[in-house]
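Participant: These two chains come separately, so use the hints to put the complex back together.
These protein sequence lines map, in sequence, to chains X and E. In terms of our numbering, the first sequence is residues 6 to 452. In terms of our numbering, the second sequence is residues 7 to 507.
The hints are simulated quantities; they were obtained by calculation from the structure and are not laboratory data. Be aware that a few hints might be false.
Claimed, not checked - No more than 35 Å apart at the CA atoms, straight line, and that leaves these computed lysine-lysine pairs for DSBU-like:
(1) E/K292 to X/K289
(2) E/K292 to E/K123
(3) X/K200 to E/K321
(4) X/K405 to E/K92
(5) X/K22 to E/K92
(6) X/K378 to E/K32
For reference, the chains in residue letters:
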Amino acid sequence: MRYIPTTEEQKKEMLKKIGVSSFEALIEGVPQNLRLKNKLNIPEAMSESELEDKIYRIAKKNADFYSMKPLIGAGSYRHFIPEAEKFLLQREEFWTCYTPYQPELSQGTLQSIFEYQSYISRLTKMEVIIPSIYDGASATAEAALMSLRLTHKNKIIVSNLLHPHYRETIKTYLTPHETEIIDLPYKNGLVDMDKLKILIEEDVASIIIQSPNFFGGIENMAKISEIVHSKSILLINVITESMSLGILKAPGEMGADIVAGNAQSFGMDLNYGGPYNAYLGTRKQYIRQIPGRIVGETVDVDGKRVFVMTLRAREQDIRREKATSNICTNHNLNVLAANIFLSLMGTEGLYQISLLNTKSAHYLENLLLQTGKFERVFDCPFYNEFLLKSKDDISSINKKLLENNFVPPLKICEFYQEKNLNNVLLFAVTEVLSRDNLNLVAKILSE
Amino acid sequence: MKLIFEKSIKGRDGYSLPRDLFGDIKIEECLPEYTISKDKKLLSEISEVDVVRHFTKLSKLNYGLDDGFYPLGSCTMKYNPKINEKLASLSNFIYAHPLAPEETVQGCMEIIYDLNKLLCEITGMDEYTMAPAAGAHGELAGILIMRKYFIDRGDVRHKMLIPDSAHGTNPASAAMGGFRVVEVKSNEKGTVNLGELAKLMDEDTVGLMLTNPNTVGLYDEGIEEIEKIIHGKGGLLYYDGANLNASLGIIRPGDAGFDVVHLNLHKTFSTPHGGGGPGAGVIGVKKDLIPYLPTPNIAFNPDQKKYYLSDAGEKSIGMIRAFWSNFAVLLKTYAWILSMGPDGLYNTSETSIINANYVLAKLKKYYKPAYDRYCGHECTVTGREYKKYGVKTLDIAKRIMDYGMHPPTIYFPHFEPYAEETIMIEPPESESKEMLDKFIDIMIKISDEATTKPELLTTAPHNTPIRRTNDALAIKRAILTYDDELKLKDELKYQEKDIDF
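Isolated chain E (complex conformation) (with noise of 0.2 Å):
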């Protein structure tokens, strides 16, 4: 489609401006010269009206969540309720400057002391930090967490175990926390292999970090021993939150012995994805923990009925971004939960793990499962007893575009010998047996397709907006913005139907 830029017309304009009644104040006497830009700095020039056409025309180059069935596995991509979203547009909440004084803020802050203690009851963990943007920004603030804990005991450690089937998050976090990542295998059954991890689990460890259920979809039956190993030789034990949506109301990370978690409430708890962030990436500690939170948090005075900005002391590891926290994201979060309740929450789990169990059930004969087993929220199986018909996984994906539906995420988890050519299937609560139903019936019909027309496949999408990308090409013009395009334009020669459609 054509750029912004593509439809500037020199002298157009969108903006609209109070009128300058700054007439006697003279620019020149306010800034020195060599602080003024010589030029305009071109943007592009453009009505109101052809603004509002180019971006909803982009908007339809999209396939979003309430077009249909967005099966992303670890990605939980559930419905995202409207009202939560009247609510975060509030102005009494949208005008509220984070530095504005406290007894202004008051119905802000009441929203983030009350979501911590509901998201204590959930995860039965005994404080919350609302700072983390994302979930891997919780991680990295979890993980410092711990690093401060183990200093603060003069017992420096300096390894993270981090299971294979973990997300890439998990060691990048680690490594950014400046510990040393040592991969802890899968057993055959897709958990974590205790005797491995009795085995390398020792006094130079600061623990874990697991997700639970894993990244294939699969509670890790040895939790108990789990924590045993680590606890016994004073690790901690952290829980990546991203599959959280197989617990709720049934098992809390806090009651297994986590020690710190992080939610990501755009997954679990509704928010919406806005097409890669803005999330939020909350952490929960248990009680000796707490003094090492990101500073500030939010207290409540009883006496005084008030809310307060709460400085963590001198055991924090101090802040990790400005001001507080994703405020919009969080007052969703508690919106959901409010209209849940305790039996919505228990459903929430209960439908999800019967959904990916219904699909894994439906599927298996045409995609070998990575293991045969019940699942919890989200199923992974494989591609590979196609590939002998030229047919990879990622074929496989293209191919479901062309009926209307998003893939699952694929090629994650990757593991040998059982993961890999992975399709990793999470469907959420939110979708109904006839939309479980249509996307099995496709699935099957791309089974069938992919040994009598492989071809259909490995040329798939054929129905989507555009078709199949030159990455290599996107790396090696390297091609960033527009400037980047136009000192190539002779080289590109695009016709105009390759740049207006």
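One chain only, chain X, in its complex shape (with noise of 0.2 Å):
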């Protein structure tokens, strides 16, 4: 077996140097009765080249996703990402180690890290950020019980244009500490600020908004800042697509208290879900309820300037069940992406990406408009992605624009039962779709 250098000689001998006659004696403890009397009956090894025949052909069972252009977005968003990137992340030195737990062996993680809470925390003008939580929903369900250790309170109110599977995942981590979950309804395509005003009680640890919202509708943080803050409740500010942050406002300025944001747009790969990463961002004065790991800078024997996990009093493997957070193994492998990603696009970069997709966004919206298919469905400002209901069954629309090599949209009913939002889609678009693609997309869908 080429992954195992052992050879059968060598295990007798190893066997003679323990003090044993066979392999059985040191399995000793493990019951007869309940030991596998038969081989697994699992397929029997297949060579490399038969692994890889096998594994190709099963991709072909996927559509020829290189060629396709995407439409989709809702909280996975394909980007463009520099080669540079990808050859770097093959560096063995960074993803076959471990967990940074030895520094003196660990530098390059650690470091990586630093520089990526940098990064984030500049982004999102936090001055806290917790670098690497699984994804965007469970960073958020993270930051709903941080809101609660915080406040001591045990009811929150969720946006009901959070993404519809953060807020599933909210609810499931929430259930056993019997959590009140208020839903806070949309109006015109936004939070219903009146009924935020009705919602908010002193009662309330804290109120979760996502801007730009799953419609694709961008919120007035400043003024549910406002709002929410005329009492004691924290306000977490959920992103889905951080590449927004390029040319939209920072949630530090518009008094967030907590950001949860799904990282994936940073150079990390669509992979039919999985793995992304996801930050945590908040204000000092809360560190010690943060949950996860972070890293610091410290100074080694010798003076240099170095780095180091820090604040590890509230993690499980020092508290136990007094841990703030059950995390250990994390996404460090895509903090990395994120930060050579994020280097790579430099101030510039980032801003031109986010520039480009606002504009490509909003002339595909008005070319559809235009085809006369299409209506807007609420009118508020957006980001990269719009909702548009079509006057044609959007199955059929769907159909044609996988023919068409497009990833369709979302259809917006399959997570909203409104009868308003019957027959909609929500479309996103990225530079990864050229101008010449959107004038494709209008022209199929005028046909």
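Facilitator: In structure tokens form, the structure reads like this:
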């Protein structure tokens, strides 16, 4: 076996050194009647070339996604990823190593995390960044739990325009705490401010708002913050499309107390849903209640500036059942991907992508409206995703798009059952769609 | 090493974007003023070549598995096959959107579905969920499944039993799942104290979370008795699969009576650790618990010969993440199992157990074992003999680095009187006898140094890119971003050599 260097002869030799006559003696502790009597019933070992053939054959059962252009986002966005990033990620020193418990042998990982914390802090204007929770949904759930710990209250308000998977995940995480979760309805594609004013009471721990929201609308977070902070309630700002931070105002400028952001857009492939990564941002005053790992700067005995995992007394391996979270293995390689991506993009690049995404999305919306086959559902500002109600049947529209090599937009009725959202599509546009691509979409859909 | 920000030069760039052909669209007409950031967010300004050099240099400050021995106990740092990375980078997979029409992602679904079946056979369980992103995430899901199962039966329970040798994630997950954690002490043989377990198990207890072999590397020979005690009071048995590498083809948790199992695919199943993830912490359950699995799962319709996302139904604990799984990790797992086959899996466990016992046999004269008995796939020794020379286990670990290897796990597990100053060594099947011999020689040499030149250890490491770190200062200063550092610039006063190495 190519992955197991020990020969049968060596095994015998080693057993002799151990002082036993057979392997059997080493597993005496395993009760005989529980042992497997037969070989596992799985396929016999494949050679590397057979394996490659098999997986290639299975891959062919997917669509040829490389040559298809996505019109779908909804929490997962296809952006261009520079080859330099992919190349660097393959360095074994990064992807074969463990969690950086030994800083002397892990400065590469640790410094990279520190740089990433610095980037996200500037993008979100939050003081403290927890770099790596599994994904946006679990990060949002962790943010909700954090708000319960900080306020000692047990009620939260969740915007109905938070990604449905995130809402479901929060529910699952909070079930054991019997937290009261109140649904905040929307009005004209944005949070219903009047309802918000009615719902906020002193017993509310936090309110969770996504912006841009699931329909694509950009919420007026500053105004929401003003309302929310009239009571002692924490404002949690969720971001599913972090690329929007290149142009939109930072959550920290608009009063967010905690930010939970899906970082997938920063150089991570779609990968049928994972692995992605998410960050949490907050204020320094809340640092004792943050979940997960964080990296800080210090010096070594020679006075060199170095980086270590820090504020560890909150973590599960030290605090056990009193830890702020159970999170251990997270998504650090994705943190590295995002760090390299942001380094390559730089100040100007991130701004330009963000700008391009905004403009091309608005361009497509305009084109589609001009076909006369679509109408707006809501009239609110959006970044790169928008809803359109179709006069034709959306299933046949999506079929047509698929036949023309576009991954079709999301049928919003899959997540929202309101009558006025029937036959409505959620389009997403990123820089991977050229102006020609968008013209083609409009042409196909005008026929 | 210099930070990326310290290499930034105004006006430089490293990006490449399509030409903006949307000159006719004015941004002010797209977005209202109150939504737009006044300034561009300041990142860094670096050319591509400098980014590549920066991260290449950073990588050289790391020690990876391909550099050599990495015997971290309970982490199963085994070889990560290169072909699996290539397969996971096929464009039909990496560009597959999770909400793309089902007919376009049949390949992804087939892999997830098939892997589910393979893992059921390997562990003796009835059904898996592929959703959990990591071991602890799986633990939480598994605990919520147990919780819901009892609530549905009108049998609300409040306690969870966890051995003192368990990973910290176990009690942390149980607490997140709303349970009161009750610790079960180990006996003098290092395994679960059956008498105490029988006393603690009652009808207010959901069950026991057990790692087997446990974190000291010992098979719990009382497993049949444990099963009777827990099930006898109507409880459920949870299997922490962190140490499954000792069991493949030998014993299946399902056959031993476990009701819920989580597997760390980044441990036993060879997917890379990535400097702390991503992994996957899939969970398998027995028949009665299937309705409680997270939603959705992937099912197969034999009539239409089609895979589809299937809602788990009313009893499900719900979603635990966005979308479906860490698919790329699942694909690598699938490829590894197919490469190994049934004989390869048995060989994996057999070799890792022989490796660990070989290391133990050769080292026990120099480092007292926590328990002097045969172990599973990892062995736990202690460094306490050297305390009288002023040498701690930490010093031994740091000295190992000077000899070009990664140290084992230290100070875990920790419970008195046996397991203190512990050194937990896991030499997986992918390590050769020659590598083990080299490690053993180093450890013996260090034991000699500990008695003759202890200061060599207490000041170690000497040959690493950096040396021992001031962790207390990190907490005190709380410099968590570059901007934090800038604010303290006058106080810090780094010299060039301190930041450019």
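Participant: Now look at each hint and say whether the structure bears it out.
Facilitator: Evaluation of the provided hints:
1. E/K292 to X/K289: 45 Å, violated
2. E/K292 to E/K123: 13 Å, holds
3. X/K200 to E/K321: Measuring from Cα to Cα gives roughly 32 Å; hence the hint holds.
4. X/K405 to E/K92: 33 Å, holds
5. X/K22 to E/K92: This hinted pair is violated, its Cα atoms lying about 40 Å apart.
6. X/K378 to E/K32: With Cα atoms ~24 Å apart, X/K378 and E/K32 stay inside 35 Å; holds.
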